[in-house]
Amino acid sequence: MNLRRLWAVVVKELRQMRRDRITLAMIIGVPVLQLVLFGYAINLNLRGLDAGIADQANTAGSRAVVMDMLATGVVAPVLEARTPQELVEHIRRGEISVGIAIPPDFERRRAEHTEAVQVMVDASDTAVQGAAAQLAQVPLSVVPGTGVAPLSATPPATPVSVVAFYNPERRTAVNIVPGLIGVILTMTMVLFTAVAIVRERERGNMELLIATPLSSAELMIGKVLPYIGIGLVQTTVILALGMWLFEVPVRGSMLDVYLAAGLLILANLALGLLISTRAKSQFQAMQMTFFIFLPSILLSGFMFPFAGMPRVAQWLAELLPLTHFLRLIRGVMLRGAGLWELWIDAAALGLFIVVMIGAAILRFSKRLD
Amino acid sequence: MNVRGDDIAVRARGLTRRFGRLVAVDHVDLAVPRRHVYGFLGPNGSGKSTTIRMLCGLLTPSEGEIEVLGLSIPREAEALRARIGYMTQKFSLFEDLTVRENLEFLAAVQSLPRGRARARIDELLVQFRFGDRRRQLAGTLSGGQKQRLALACAVIHEPELLFLDEPTSAVDPESRRDFWEKLFELADAGTTLLVSTHYMDEAERCHRLAILDHGVLVADGTPAELTAGLAGRTLVVESGDPRRAREALLEVDGVLGAAQIGNSLRVLADVGAGAIERTLTDALSRAGLAARVVPIEANLEDVFVAVTHASRVEQGDRA
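So the sequences go chain by chain: A and B. Note that the numbering used here has the first sequence beginning at 1, numbered continuously upward. Note that the numbering used here has the second sequence beginning at 1, numbered continuously upward.
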């Protein structure tokens, strides 16, 4: 390993990057765009569902129950109806997604502990149904009604209490922003390195490079080093925006956050290098990146809870760097854990890095055949 | 020319490379003397690039032995890389780096000490006339300028041996002349150059050359030796109707080729065609064409036509 040659590759890479406006824009643009998209648009916990209210009892008690429900913030009243049948009509026409019906004999039913309030839900959207279940903190009964005659045949509801630790307001952003660091690093880091090497092969630079004393390791490491810096810049952008826009907490140490990010960056760069030794064109490199990226998003626990996945999917997920990073970063940022307490996942990332870099350097041949 | 063993920069024996069923290079024997400009002449697809890549250790030969600067290739290819320069057929420098940045990169990769590198880069910028273009991106240079830059980068570490794969294929004639002046300067300074080309005028400038056809070495020697071998076999036919004359001549036994050059024809006769002048005049008058037939000195194009024809006949005989 000759440091002068290694440094020459780093300088060359930085100079080329500086002139590549699109890549520069992507380095900052991708995290910002994704953060805003995931933070605002993809809100898995619905709030402010349009609701209609038919309070046939209209007693002090019934009005109090309605106010309690509105206070949860899950529903927002848009209209009032006279009968439950009218609510069903409104749901069918799509004007409201939740109907709250209180029968005329509300006070008697409440005294008898039978169903006193009925919540009708447009269950054609399961997310809405899930959100409305939060209303179960008040004595009520839920009827998944898409239209017709929902009033009878409902079992008496047991009051359900939902207690959310670490994210009491159940805001999605708190959960998503730490994960988003991982998702964005996975997407950009793998792609940048894979493409950076394949591009040199496509443009014919590689034939020149392999005819010089430059070694495989010098070339690979020199190409990867600038991207570590870029990955850390991206991490900072997401953290800063997450704290500023969504008030995402960092309960653990900032150093641990960056150490975890550093591990993921290296793991992804190593994976990108390995892809670059196989891909014949930039297009192929991109395809292979997405081949890794999709399962990462779906299986890592970023989108769906890890515990709910079938055993085989869990095994696959253990092979993905993002899975381990998510455990680390959620632990550090949301639960205030130290990195050393989560050493198994840190070690898993370390192992991944060593295996991938080793395989990439072995596979990279200074020959054309 | 008599060359001693230690004066040989590149030696190959039985060099062969197969790609699947295609034999790109077929048992080529080579000896390139030091301080020579050695040419590889052949059409596209004749195996020139493949041979050069094997000689500098980028491709593993299917068969045969290579010795370059006393090193056995491909086994000792890594040790060779610091001692050779390689200029690829396609422009392979970084188009998004400036002229100077490209030179700086190559200087560092070749491990020139920093001070030495700076001096050498300044020297090359002057020598290759990049004075006011040192900050220009390589991608925006003209074809000739790109070639000059590629050559400057290839010689930055003053290699003993330089491989140039069709260095002038995308360059205008003036830049080509200019480029060849540079090559001779390097040869005078003691560098061995191995240049592939499909231009006859460039091949004529080489000290020695090898002619490749379909991966087979069909001739090698100095240009003078090669053309001398065709003595008495090349003629010029001047006629009022060169196109009809050409048709008539191609019918004649022993005529290998007749190429129209302006209003005259350049005719190449087969070995032992005898009193070919007489035969041609007779054939033309039989066709009712008045023509003048004059012997002329052979050039490399004639050599090329003659040797590729000979190798094809030989292969035909074998088949």
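Keep in mind that the hints were calculated from the coordinates and are not lab data. Hints are not guaranteed to be accurate.
To be verified - Partial list, derived from the structure: chain B residues whose beta carbon lies under 10 Å from chain A:
1) C56
2) L59
3) A77
4) G85
5) T88
6) F91
7) A108
8) L112
9) R135
10) L137
11) A154
12) F163
What the hints assert, rightly or not - Taking lysine-lysine pairs in the DSSO-like style, the calculated list, with each CA pair at most 30 Å apart, reads:
13) B/K90 to B/K146
14) A/K280 to B/K146
15) B/K182 to B/K146
16) A/K280 to B/K182
C-beta: ideal position from N, C-alpha, C; glycine also.
Here is what the structure says about each hint:
1. Taken as an interface hint, B/C56 checks out: its beta carbon lies about 6 Å from the nearest beta carbon of chain A, inside 10 Å.
2. For B/L59, the shortest C-beta to C-beta distance to chain A is roughly 5 Å, which falls under 10 Å, so the interface hint holds.
3. Below 10 Å, beta-carbon pairs count as interface contacts, and B/A77 has one with chain A at about 8 Å; its hint therefore holds.
4. For B/G85, the interface hint holds, since its Cβ comes within 10 Å of a Cβ in chain A; the closest pair sits about 8 Å apart.
5. Contact between B/T88 and chain A, as hinted, is supported at the beta carbon level, the nearest pair being about 5 Å apart and thus within 10 Å.
6. Because the closest C-beta pair between B/F91 and chain A is about 7 Å apart, less than 10 Å, the hint holds.
7. Checking B/A108 against chain A by beta carbon gives a least distance of about 3 Å; that is within 10 Å, so the hint holds.
8. Checking B/L112 against chain A: minimum C-beta separation of about 9 Å stays under 10 Å; hint holds.
9. The beta carbon of B/R135 comes no nearer than 12 Å to any beta carbon in chain A, farther than 10 Å, and the hint placing it at the interface is violated.
10. A hinted interface residue such as B/L137 counts as satisfied when its beta carbon comes closer than 10 Å to some beta carbon of chain A; here the least separation is about 8 Å, so the hint holds.
11. Interface hint status for B/A154: upheld, as the beta-carbon distance to the closest one in chain A is roughly 9 Å, under 10 Å.
12. Interface hint status for B/F163: upheld, as the beta-carbon distance to the closest one in chain A is roughly 8 Å, under 10 Å.
13. With a C-alpha separation of about 10 Å, the suggested pairing of B/K90 with B/K146 holds against the 30 Å cut-off.
14. A distance of roughly 26 Å separates the Cα atoms of A/K280 and B/K146; the hinted pair therefore holds under the 30 Å criterion.
15. Distance check on the hinted pair: B/K182 and B/K146 sit about 14 Å apart at the alpha-carbon level, within 30 Å; holds.
16. With a C-alpha separation of about 36 Å, the suggested pair A/K280 and B/K182 falls outside the 30 Å cut-off, and the hint is violated.
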